[in-house]
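From just these sequences and the hints, can you work out the full model?
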Amino acid sequence: MQRPSGAAAANPPAIELKGINKHFGPVHANRDIDLVVERGTVHGIVGENGAGKSTLMSILYGFYTADSGDILVNGLVQKITDSRHALGLGIGMVHQHFMLVDNFTVLENVILGAEGRFRIAPALHKARAALKALAAEYKLDVDPDAIIEEISVGQQQRVEILKALYRGADILILDEPTGVLTPEEADDLFRVLRTLREQGKTVILITHKLREIMAITDNVSVMRQGAMVRTLKTADTSPGELAELMVGRRVLLQVEKQPSLPGKPMLEVKKLTVNDDRKVARVKDISLTVRAGEIVGIAGVAGNGQSELLECIAGMRDPVSGEIRLAGDKISLRGDDGGRKARLAGLAHVPEDRQRMGLVTSFEAWENSILGYEYTEQFGRGPFLDIKAARAHAEERIKTFDVRPPNPRLKTANFSGGNQQKIVLARELGQDPDVLIVGQPTRGVDIGAIEFIHKQIIAMRDAGKAILLVSVELDEIRSLSDRILVMFDGRIVGEADPAKATENELGLMMAGIAATGGETR
Amino acid sequence: MDWPTIISILAATLRFATPLLLACLAGLYSERAGVFDIGLEGKMLFAAFFAAAVAAVTGNMWLGLLAGLGASLSTAMVQGVAAITLKGNQIIAGVAINMLAVGLTTFLGQSWFRQGGRTPPLPQGGRFLPIQLPFAAEIGQIPYIGPLYANVLSGHSIFVYLAFLAVPITAYVLYRTRFGLRLRAVGENPKAVDTAGIAVNLMRYKAVVVTGLLCGLAGAYFSIAQGSGFGNNMTAGKGYIALAALIFAKWKPYPAMFACLLFGFLDALQIRLQGVAMPVIGQVPVQAIQALPYVLTVILLAGFIGKAVGPKAGGVPYTKER
Amino acid sequence: MGGTSSIPRWADIVLLPLLNLILAFLISGLVVLMIGENPLMAYYAIFYGAFGSGDGLGYTLYYATNFVFTGLAVAIAAHAGLFNIGAEGQAYVAGLGAILVALALDQTSVFLVVPLAILGAAAFGGMWAAIPGWLQAKRGSHIVITTIMFNFIASAAMIYVLNRFLKPAGSNGLESRVLDQTAWMPQLRLFMPGFGFSPVNLSIVLALLLLVGFYILVWHTKFGFALRTMGKNPLASRYAGMSNVKLIVITMAISGGLAGMMAINQVLGLNHRLVENFVAGAGFVGIAVALMGRNHPVGIALAALLFGVLYQGGSEMQFVMPNVNKEVVSVVQALVILFTGAMEGLFRPSLERLFAGWGGSGKAEAIARTTAGSES
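Protein chains in written order, with UniProt numbering: chain G, 1 to 521; chain C, 1 to 322; chain F, 1 to 376.
These are calculated hints, taken from the structure and not from any lab test. It should be emphasised that the depicted structure is a prediction, and the values quoted were computed from it without experimental measurement. Each hint should be verified, as a subset may be incorrect.
The calculated lysine-lysine pairs, modelled on DSSO-like cross-linking and capped at a C-alpha distance of 27 Å, are [as the list claims (entries may be wrong)]:
(1) C/Lys320 <-> F/Lys232
(2) F/Lys232 <-> C/Lys191
(3) G/Lys399 <-> F/Lys222
(4) C/Lys250 <-> F/Lys138
(5) C/Lys320 <-> G/Lys411
(6) G/Lys411 <-> F/Lys222
(7) G/Lys79 <-> C/Lys191
(8) G/Lys411 <-> C/Lys250
(9) G/Lys279 <-> F/Lys138
(10) G/Lys341 <-> F/Lys246
(11) G/Lys126 <-> C/Lys191
Here's what the structure looks like:
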């Protein structure tokens, strides 16, 4: 890689961004962004979901083009038009969702786009040798002949890093790299990143996890609502300060609530084991109880079995073994109509991913406000659908939950994320369930709606419902829950009192390091 | 069944398998690149018609072949524009192409030649004739083994040899070249290909071009090699059998060859068995043999024997985020 | 098929199909021009052939009846997100169900034969569609491929059955014996002499009833709601606890049953016996009809009528213009399928731009959508 020489540019920053702007329609995703990333450092970029981090990096990688502003790479202004160009400048990116061809070998993936002229054999040969060298240099061991879909997620991520390094990447961008990793794999990744830095590479780490920023970065930039708030030396800051900068005001997300008055056990899960679609056990022998009038929060890093647990209790996924009891009665939710069986038993479900699962975005709002309950007599006698009743119902729900715009005939896709979530909540809360299971209730939801949604959940608790809450936002878990269960690798590894447990204690449990409780009452 | 009968069935197997194999490999390129193609039938039919029409008028088989290739290629491009650039429904595009081919070839055939949709018989030089392999006559004298060479392997038109030659070539291209690597990648994870700096849609167009050319060969084979002239709906669903063979072969070149040989053999067999009473079972319903390729494909697709899973990005137009 | 759009509803439902249709006619006109004939004359001949006489009108309606059935068959599957290319084979097999009932009971009474034949056709056609549905739902086989394969299997099986069991001894043609008059679907000319000798029969009433029934089923029943949910988002229907397996199998059975009604029109209404390959492409016309009709009964009725005109007018045109083969009709049909089904992108973007330029609600809606999209 040729470096610009001369005294003036003796040590220019690896990346310099000046006044970057990017609009998506009316959304100003990046506004006047300035950023300097020094060579040979690990530079963190933090911000909430939707703060514009990924957009900024996509501009740097040539996936989007900026509306205005300059990009300087190693001191020279560059117009990065596509990924190939970025690669040529020594910028490599590890995407949140890996860009790998699943049925290819590691080697084939590594050479894709750099295959040489006609035959791929020379390139494969060269890549094999290069991979060996890289593995030695950075301790990045991967079997070059393994098929991608047969290796672990951590291994796949290594392949992504190797891909970038093989192309001569000098500057490596990692977008939320630990979201899919187990704690061990994440530690491994950080070790690799440190080695990369020692070898003079520049690393840009996009994350919303402050712990990671503190652990690995040299500098950190904070983004909020499309703007760059500040860049700091990691050593000079604290998680508290960063959090404040991210959110913009000191919100401790402390929802006002009375102490809970738990009643009798409503939801009991006993020795439940659940497989994922690939028939790998993701929930392992879990037992838990949720009582009437309490919120039990499940904390954990995403991908530790929370999704499968929720889906199983909601009747969307058959358990391998174990049982579920509602108000003391054993119920079976097996079959592909398990969702209805669950609703009939008095269980409501706010799914983790509303757009993928909880809504039909091309339906009008009123249609979504009866989804899952359309078979009940309130929306029509016998086989017929009473559209008038359904629309009236939707109108009432929309008013109660302050959905905007308050138009039941509007296509659901045209509501904002927060209002879509309100439609789902309004529907599920409105059927007076005994048990409510809620996944990621405020993911991708604007701040104003978050408070509203939290209040509604508390109100349900105060009305005597049993609520099981899953969230990857630790703050949310801590402020809403009456009890916290920590899930790690498919098991419940600890129980904590939200009033007493510190973030640090919970973090250790989530990482599978310390356990206090184990089995629950 | 005596030896000469078996020999003639085997020879017919190769003849019947040829258009299937060409069309099947044609489909392989497209589908491996993520473009579903149920329009193989239509492209073959267009090629068969225009090859025969031009060969009949000019008396030149090469011009005929060129016309066939051109017709199939243009059709493939229409499909390509619909499926790749306009991001339309690839299945519907295929259905439309097949329907268009039946209508247009019959219509033009009738209007141009006034023979009920048929083209006139090909004049001298308008048709690809069988090729005798070296020493076919001499080796044919050897009992039993000889006819295998002289009557099964030898004596086919150039298309037959081309079709079988296309199998190792396809395997080589697919697994050992840059083109093949990118082709397979684009059918599995186009986004990965895009981030590697390769133009996804261009890659798919290239695949569609190969598909068009191979379908052109297959179609021309019907009308200016196997037959002499075009007849109404001459391809008679062979494009669909080729599609079945492609699924049966799980989108791989050598298995595709065996699948086409199997389906070609069934075709040859059912013609032989028509009206013949077999010992024990009596008269075999030829319809059962005719339906066998389709039944086998359904069974395979249902995963009762193995599992046929197509390219992951198949049928989905690629949209680049901007 | 379908999807979200930012152009006004009327443009989506009326303007877009119309533009596609005009383009299809323009291109087929060029084809006619290519062989040295006047396309305007051809269009006139088609129009006159379809409406110029009571006979012509009767035939037009007769064909349209067929296409309503197959169009509804394709449309109901489309609402569930399934592409049923197998209406052709389903109608064919349904013919067997109809003829078996009719052959067994054709000495009794029309009031017994016709309803039972309808049930027989629906059962056979429905079964022939439900199997691919089940294979899709339970085994994950691609329904498009399976239904194509089932078309060919049906064709082979029907020839076998006709040849082996239904063909009267000593007969040459591949067809069953002629039914007794009692089993004939009453033709409209019996009450309305204006229809001349055309075969339009009471099946058209059945078609109208089914159009209404289709509307009620899809938009005013709980089953229809579930069906549309699955069609738009199968994960949402699973979340809601609607059994996708059941939905797919039932929808396909209904689809095949609808396609099967075409056999009543043809076998009981026209041929009065089972003839080899009597479906003759009507199943595929159903795809064009459903696409053009936007899977809505009103649209389907109009599109079916259009293709009825083309089929009847096309046959008549051949007499007026001997050089113009009626196959030009299948060219129009193929182009309609191509443009409305696979080349939506041809006109839609420019229409969207046009309407966005006009401002108003279209623009506001487009903005709202981008906002919603970027937030999540």
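Going down the list of hints, with the structure as the test:
1. C/Lys320 <-> F/Lys232: This hinted pair holds, its Cα atoms lying about 22 Å apart.
2. F/Lys232 <-> C/Lys191: holds (24 Å)
3. G/Lys399 <-> F/Lys222: Given that 27 Å is the threshold and the Cα spacing comes to 25 Å, the pair holds.
4. C/Lys250 <-> F/Lys138: holds (20 Å)
5. C/Lys320 <-> G/Lys411: Within the cut-off at roughly 25 Å; holds.
6. G/Lys411 <-> F/Lys222: Holds, at about 20 Å.
7. G/Lys79 <-> C/Lys191: With a Cα-Cα distance of about 22 Å, the restraint between G/Lys79 and C/Lys191 holds, given a limit of 27 Å.
8. G/Lys411 <-> C/Lys250: violated (41 Å)
9. G/Lys279 <-> F/Lys138: Distance ~17 Å between G/Lys279 and F/Lys138 Cα, so the pair holds.
10. G/Lys341 <-> F/Lys246: holds (15 Å)
11. G/Lys126 <-> C/Lys191: Within the cut-off at roughly 25 Å; holds.
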